[in-house]
Amino acid sequence: MLEIEDLTTTYGPVRAVDGVNLTVAPGAITAVLGANGAGKTTLLRTVSGLVRPRSGRIRMQGKDITRSPAELTVRGGLALVPEGGGVITELTVAENLRLGALWRGDRADRAHALREVCELFPPLEQRLSRPASTLSGGERQMLAIGRALMSRPRLLLLDEPSLGLAPMITARIMQVLRDLRASTGLTVLLVEQNARSALSIADDGVVLSLGQVVMTAPAEALLTDEALRHAYLGF
Amino acid sequence: MEQFLNLTLNGITSGAVYSALGLSLVIIYRATRVVNFAQPAFALISAYLAYSINQATGGYWLGFAVALLAGAVMGVLTERLLVRPVRHNELGAIIVTLGLLIVLQAVAGMVWSNEPHSFPYAFDFRGDFSPNSMFVVAAVAVTALAVLLLFRATPLGLRMRAAAFHPDAARMSGVRVGLMLTLGWGLASAVGSLAGMLAVPPFIFPNVLDGVFVYALTAAVIGGLDNPLGTIIGGFLLGVGLSYVSGYLGPELVTLAALAILVIVLAVRPNGLFGKALARSV
Amino acid sequence: MSAETEETTAAPPAHRAPQPPAPRRSLPPVVVHLAWALLAFALLVGLTMITDPFTNLRIATIGYYLIAIAGLALLTGLNGQVSLGHGAFMFIGAYTVALLVLHVPGLPFWVDLLLATAAGGIAGLLAGAAAARLHGPYLAGATLALAVGLPAITQRYPEFLGGSNGLSFSVNSQPAGLVGVVPATRWEAWVVWATALLAMVILVNMSRGRLGRSLRAVRDDEVAASLAGIHVGRTKILAFIVSSACAGLAGGLQAFLLGTAAPGSFTVALSLSLLAALVLGGLGSLWGAFWAAIAFVYFQAWAEDAADAVNLPVNVENNLPLALYGTVLILVILLFPAGIHGGLTRLRAAVRSSRQGRSGRSEGVS
Numbered sequence: 001m002l003e004i005e006d007l008t009t010t011y012g013p014v015r016a017v018d019g020v021n022l023t024v025a026p027g028a029i030t031a032v033l034g035a036n037g038a039g040k041t042t043l044l045r046t047v048s049g050l051v052r053p054r055s056g057r058i059r060m061q062g063k064d065i066t067r068s069p070a071e072l073t074v075r076g077g078l079a080l081v082p083e084g085g086g087v088i089t090e091l092t093v094a095e096n097l098r099l100g101a102l103w104r105g106d107r108a109d110r111a112h113a114l115r116e117v118c119e120l121f122p123p124l125e126q127r128l129s130r131p132a133s134t135l136s137g138g139e140r141q142m143l144a145i146g147r148a149l150m151s152r153p154r155l156l157l158l159d160e161p162s163l164g165l166a167p168m169i170t171a172r173i174m175q176v177l178r179d180l181r182a183s184t185g186l187t188v189l190l191v192e193q194n195a196r197s198a199l200s201i202a203d204d205g206v207v208l209s210l211g212q213v214v215m216t217a218p219a220e221a222l223l224t225d226e227a228l229r230h231a232y233l234g235f
Numbered sequence: 001m002e003q004f005l006n007l008t009l010n011g012i013t014s015g016a017v018y019s020a021l022g023l024s025l026v027i028i029y030r031a032t033r034v035v036n037f038a039q040p041a042f043a044l045i046s047a048y049l050a051y052s053i054n055q056a057t058g059g060y061w062l063g064f065a066v067a068l069l070a071g072a073v074m075g076v077l078t079e080r081l082l083v084r085p086v087r088h089n090e091l092g093a094i095i096v097t098l099g100l101l102i103v104l105q106a107v108a109g110m111v112w113s114n115e116p117h118s119f120p121y122a123f124d125f126r127g128d129f130s131p132n133s134m135f136v137v138a139a140v141a142v143t144a145l146a147v148l149l150l151f152r153a154t155p156l157g158l159r160m161r162a163a164a165f166h167p168d169a170a171r172m173s174g175v176r177v178g179l180m181l182t183l184g185w186g187l188a189s190a191v192g193s194l195a196g197m198l199a200v201p202p203f204i205f206p207n208v209l210d211g212v213f214v215y216a217l218t219a220a221v222i223g224g225l226d227n228p229l230g231t232i233i234g235g236f237l238l239g240v241g242l243s244y245v246s247g248y249l250g251p252e253l254v255t256l257a258a259l260a261i262l263v264i265v266l267a268v269r270p271n272g273l274f275g276k277a278l279a280r281s282v
Numbered sequence: 001m002s003a004e005t006e007e008t009t010a011a012p013p014a015h016r017a018p019q020p021p022a023p024r025r026s027l028p029p030v031v032v033h034l035a036w037a038l039l040a041f042a043l044l045v046g047l048t049m050i051t052d053p054f055t056n057l058r059i060a061t062i063g064y065y066l067i068a069i070a071g072l073a074l075l076t077g078l079n080g081q082v083s084l085g086h087g088a089f090m091f092i093g094a095y096t097v098a099l100l101v102l103h104v105p106g107l108p109f110w111v112d113l114l115l116a117t118a119a120g121g122i123a124g125l126l127a128g129a130a131a132a133r134l135h136g137p138y139l140a141g142a143t144l145a146l147a148v149g150l151p152a153i154t155q156r157y158p159e160f161l162g163g164s165n166g167l168s169f170s171v172n173s174q175p176a177g178l179v180g181v182v183p184a185t186r187w188e189a190w191v192v193w194a195t196a197l198l199a200m201v202i203l204v205n206m207s208r209g210r211l212g213r214s215l216r217a218v219r220d221d222e223v224a225a226s227l228a229g230i231h232v233g234r235t236k237i238l239a240f241i242v243s244s245a246c247a248g249l250a251g252g253l254q255a256f257l258l259g260t261a262a263p264g265s266f267t268v269a270l271s272l273s274l275l276a277a278l279v280l281g282g283l284g285s286l287w288g289a290f291w292a293a294i295a296f297v298y299f300q301a302w303a304e305d306a307a308d309a310v311n312l313p314v315n316v317e318n319n320l321p322l323a324l325y326g327t328v329l330i331l332v333i334l335l336f337p338a339g340i341h342g343g344l345t346r347l348r349a350a351v352r353s354s355r356q357g358r359s360g361r362s363e364g365v366s
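Chains as they are written, first to last, in the working numbering: chain A, 1 to 235; chain B, 1 to 282; chain C, 1 to 366.
Please keep in mind that the hints were generated in silico from the structure rather than gathered at the bench.
Just so you know, these numbers come straight off a predicted model, no measurement behind them.
Each hint can be trusted.
Chain A side only, calculated, beta carbon under 10 Å to chain B, not exhaustive: (1) Ser48; (2) Leu50; (3) Pro69; (4) Leu80; (5) Pro82; (6) Leu91; (7) Glu95; (8) Arg98; (9) Gly100; (10) Ala101; (11) Arg104; (12) Met150.
Even for Gly, the Cβ is constructed at its ideal location relative to N, Cα and C.
The task is simple: from the sequences and hints, build the whole structure.
Quick look at the structure:
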């Protein structure tokens, strides 16, 4: 589904992403872990097209999307839920959701997608006409994911979806991701500082440090092998 | 009593013009966080083009249409070529639009001379609330309504608002943010040119829109620079208020009154009557 | 001459423990600046000896615009408050001088100038207080309204303020001994520049001291500055007071030079042009004001001369200076956002670094 080859992204002299190689199989849930500043967010922003890489290749389903800007990668089936959600607070919940599917152009399709998202996240359905600014943190995250899902992505990138959320809501979100993978074959790339919750649903884990991949292992191994955990995840 | 009525009606008519020009400023500000000081210059050039067409063909409405189109084109070109490179430098953007204002006014003088020319009204302008005045108010009301509907009720409007509020999030939803901002400038400048066409008669000369621009900016600031509806309301209120000042206190005090109103409003609400405060205080 | 306001940075030597610099007996900066100012004044006097009266007038004009723009540099460049109404404070200064000369003729001329400065400062206090809570475009809009609204009071009180024609007067400020020996225009240039250089010394010292640091801190981040103990509102108002006092002084000097004070000299275009010239000259430091004043006066002059020389149709000739000015403005911002001064600084840094070669140490940047 996704092949990242020797990817490097720089901000001025800083190499935020430094020669990263990563492969994600279709239908897999991959967790990207690491401390603050490890380059996880930059990696996602580069893959989604918000930031241009310095060098390297990104391929999605065989197609080269390295230089593809965000507006276009969405149309290719990729959706990003950025850190904090990227919810547009000046718009209503419904408008935020509609926005996610606007580029598809098919009204019936959009309506259908809206219904599906509402089923996944009932709190959203109750607040459709309210400004997004009135939502709680957990509801905003649901809205952010909902908006990403409106575009019917095949690859979903999430940047710290559990940040600042209560454990119950985090669990609910992780559950939703797992269910979506089961029902639609959605591929997920999940960046998290909360390694445990991410690894609980992931198939594989990738650990970044200072922009480089330092470890790739099955999630199970990262969770159970104490030496690995201590060395790379700090617990 | 009759004077009061007259002043009120006149105030509504001039207020309509302030609202329209103010609206064009606000659309642009909301989209790109830039105050387009060149806006009155776009309107001026558009009106001059209408004037030339009027002179050549004798038709008013053709000139009117060309003016709107010219405004849109100037807005689009300016955003794409001059403003986009400096968008993140607030002062730089101000200077670029100021420079453009200076250049365009000078060009107007070069092409059409600094002498005033007679400029036609759309309709009969005689009388206390003439057909022309009604046209002015109606045109602005319809335009304002159309713009508000566009933003609130159409997919395009949704895209434009998203691009203005949160460009990254909009990109991630497939919105071509750059295109939306350019369209915003085009739309705004067309509205600005409409305001120009309504404000210019009876005479056109290079500085004819200076006063209107200040009142329009005042209206936009009073209403809140990111609030189109607030600006429209502010424009009408300002027009009526200044009309009373002119009628009861003397026309020389109008500009000072505008200043006083501005200071008072901003003292009570530093982000305008309906603007959103940037939440950062300790 | 370090009139810069950028911080001094010094990279520690790579392979030695840092050693304190050998103590050096140096003069306080104020004295150094006064010495430079004296030298500059001497050069100026020499210059005016060899140029014709018309050029002397232009030199004087650059002098008072330097004061006005330097004040604006402090307010907008150092303190970050965008003011589009600077011309209004010049207006106040000019009319103060005019009214004093007409109604209190006994006052020595330098007292008139002092009062013009004070009048500007008081107006700045009021404006600054009103503007303290405003930011960005709201501040710009309010100051623009000031620029438009204030000169309009001449219409309201035409007998006292002279209406559209303004006030005319004549001032004889030359000491008796010099009349006839030194032509009036040369003397005027000396007066203006003596004042200007003195004002610049004061401004430079303000901007290097604690006030300068406070101004810049408030510009960069108000919340952080207030957390660091800086009284934000007071600083912003002080910036307004100083800058409008400068403008008042400049306006007073203009009235002195021209013998009139009229609303037509203080249009919105003036305020906008002052800001534009400042950005052209370079916003970050007071040197920018120097380039700006020169650009402001000479650009229009050259454009007018050029238009005359080529013999263009009247319409084009009248408007060509402005058209060129606006075009240059746009080009400079797009191509050289740091203005003339920024360009020169970069050039100097480039020359300096190429001269040093590959050594691991770097001098302080000033």
